[in-house]
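Use the sequences and the hints to build the structure in full.
Which chain is which? The protein sequence lines are A and B, in order.
Quick note: the first sequence uses my numbering, first residue 1, plus one each step.
Quick note: the second sequence uses my numbering, first residue 125, plus one each step.
Just so you know, the hints here were simulated from the structure itself, not pulled from any lab data.
Given the structure is predicted, the values throughout are model-derived calculations rather than measurements.
Warning: the hint list may mix true and false statements.
Unchecked claim - In the DMTMM-like style, the derived pairs of lysine to aspartate or glutamate whose C-alpha atoms are separated by at most 25 Å in a straight line are:
(1) Lys464/B with Glu36/A
(2) Lys530/B with Glu61/A
(3) Lys530/B with Glu69/A
(4) Lys530/B with Glu56/A
(5) Lys42/A with Glu480/B
(6) Lys530/B with Asp504/B
(7) Lys429/B with Glu26/A
(8) Lys497/B with Glu480/B
(9) Lys530/B with Glu30/A
(10) Lys235/B with Asp310/B
The residues making up each chain are set out below.
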Amino acid sequence: MLYKYIENGIIVYIGESRRIPSNGVEITAEEKAQLEAVISAKPADTLESVYRLSAETEQYEAFSRTHEETVQWYVEQVNSGEITLDEVPEDYRAEVEAQLNPTEPDPEQAVVDSIMQEVSSYGY
Amino acid sequence: MATGRTNACGENVTPEVTAQTPIIAEIAEKFGVSITTPSGTNKQILQGNNSNLQSINTNAKKSGQYVWKYKEGKVKDELPIGYTRIGHIVSDGNQWIDTGVIPNSADFSIKSLIRSTAEISAENWFVTIGHDKASGTATFLQFGTNASLFSVHLTSVSVGGSTAANNDDVEIDFSVSGNTASLSGDATYTVTNASFSSGAYRSKSICICDGSWRTYGVQITVGGTLVRNLVPAKNSSGLVGLYDTVGSTFYTSSGAGQFTEGSDPFWTTAGYAVDDSESAYPDGGTQDGYWYEKELDLSALGWTKCATDYITPSSNISLSSSSNPISHSLGVPPKYVHIKALNDFTNGTSTPFLLEYVGCFSPDGALSGYRAKYRTYSGDNSNAYSLKTTEDSIYISGTTLKSGIKYQITTVG
Numbered sequence: 001m002l003y004k005y006i007e008n009g010i011i012v013y014i015g016e017s018r019r020i021p022s023n024g025v026e027i028t029a030e031e032k033a034q035l036e037a038v039i040s041a042k043p044a045d046t047l048e049s050v051y052r053l054s055a056e057t058e059q060y061e062a063f064s065r066t067h068e069e070t071v072q073w074y075v076e077q078v079n080s081g082e083i084t085l086d087e088v089p090e091d092y093r094a095e096v097e098a099q100l101n102p103t104e105p106d107p108e109q110a111v112v113d114s115i116m117q118e119v120s121s122y123g124y
Numbered sequence: 125m126a127t128g129r130t131n132a133c134g135e136n137v138t139p140e141v142t143a144q145t146p147i148i149a150e151i152a153e154k155f156g157v158s159i160t161t162p163s164g165t166n167k168q169i170l171q172g173n174n175s176n177l178q179s180i181n182t183n184a185k186k187s188g189q190y191v192w193k194y195k196e197g198k199v200k201d202e203l204p205i206g207y208t209r210i211g212h213i214v215s216d217g218n219q220w221i222d223t224g225v226i227p228n229s230a231d232f233s234i235k236s237l238i239r240s241t242a243e244i245s246a247e248n249w250f251v252t253i254g255h256d257k258a259s260g261t262a263t264f265l266q267f268g269t270n271a272s273l274f275s276v277h278l279t280s281v282s283v284g285g286s287t288a289a290n291n292d293d294v295e296i297d298f299s300v301s302g303n304t305a306s307l308s309g310d311a312t313y314t315v316t317n318a319s320f321s322s323g324a325y326r327s328k329s330i331c332i333c334d335g336s337w338r339t340y341g342v343q344i345t346v347g348g349t350l351v352r353n354l355v356p357a358k359n360s361s362g363l364v365g366l367y368d369t370v371g372s373t374f375y376t377s378s379g380a381g382q383f384t385e386g387s388d389p390f391w392t393t394a395g396y397a398v399d400d401s402e403s404a405y406p407d408g409g410t411q412d413g414y415w416y417e418k419e420l421d422l423s424a425l426g427w428t429k430c431a432t433d434y435i436t437p438s439s440n441i442s443l444s445s446s447s448n449p450i451s452h453s454l455g456v457p458p459k460y461v462h463i464k465a466l467n468d469f470t471n472g473t474s475t476p477f478l479l480e481y482v483g484c485f486s487p488d489g490a491l492s493g494y495r496a497k498y499r500t501y502s503g504d505n506s507n508a509y510s511l512k513t514t515e516d517s518i519y520i521s522g523t524t525l526k527s528g529i530k531y532q533i534t535t536v537g
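Encoded structure:
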């Protein structure tokens, strides 16, 4: 079965499954093809706006970035070399820098490392 | 261990045994492969390994062996979007359906899954061929209950039955072939009269759901061809009726008022796979109203289910251990998860877009192995991202599904 998964008025994804999840609305093959065509032409996100697929219009609409999304935008810009950290607006710079240079270890990675160390001691 | 005689050069000179050992033939058939040995091969050496071969034959299972599974709750009615299958419809004596089927000179049968909701002693007809009930001989033909019997009534010709009526779910086939009318299934009766063949009712329409009945389903066959397969349904406006999957037509009441909806399905033991032979059920098809599919037999691994789902995000989805779960249709928390991007893509950002993820749980339920391959602007990398599963969702931390990329999600549990 084909379906579109909707949350808060946004089509988050289109899916194919033997069971439609809650928040899923069944669609036809033709509707799926139409949505895929719209998704393939998604406008590029900008500093000012992120584009999301409206459940009402089934077209992309611009939404203002949240503070966290703006931080993430600047992280991407710095990582890809588009701008330097110094060029990030002061309101965001500390948070951007923290994501560029994380000071806290990934706790989940620490668990993996611990397991790997123990397993390796068994000689595997 | 192989046995035999060797010569001074160490060559095995045991006399050749040409007959293929039966156990080798069994294993070959089980695995669908050809096991042959070139002429001149000493099969006695192979036979010498009989105990090992027997162990293989007993314990090994070819990957991809199938078992039949009845897909619980799923009945393939091919109802179009806008129609919902319901358990049954209820008529109170005022409603009826004109199926538009006119027998003319052909043999016909009407298989009904029904339950009388009237007093058993009452006259309560389910089928009326000729709803105008014109006066005269053989002007209309009926099937239902009468005088506490499941009965057939041909006007001014005959009325009778031989099976006691009841208020239970019954499946009864009412058929007319030439001069003979009969009931079979949960009621039996046979009556012969020339008027069954030549009566005026034959040029009139078959009407059903007359009287006070629950109707679970009706199939009408004329001249050996199924012309109506009527299943209980309601449309998007909530109107209750029977949907014909042969003619793709929704039938509602032609009488006063509307049918009401019932939730109970027809009670039957049919639909449970009881035969494991390969040809027992139509794979990916309907039998007795139930949908059968073959599933991989994963019982040797301690798993019983597998599912494959697909999603295509409309925007990038940042996955985390507490939000943005990925839906799956396994129905139980998966023990094994494999997610794979089916389209290749470039990535000009540092966002770790997921390429492939594998996660597995140990028998005690602890997450024991998980690794994701992802791509950023600097290339492909691998890292460990944890996983949490529920009966319908997968949570993965630390990676992102890319907009417009189709992901395949395979779950086993």
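Legend entry - Hints violated by the structure (numbers, ascending): As far as the earlier hints go, not one is violated by this structure.
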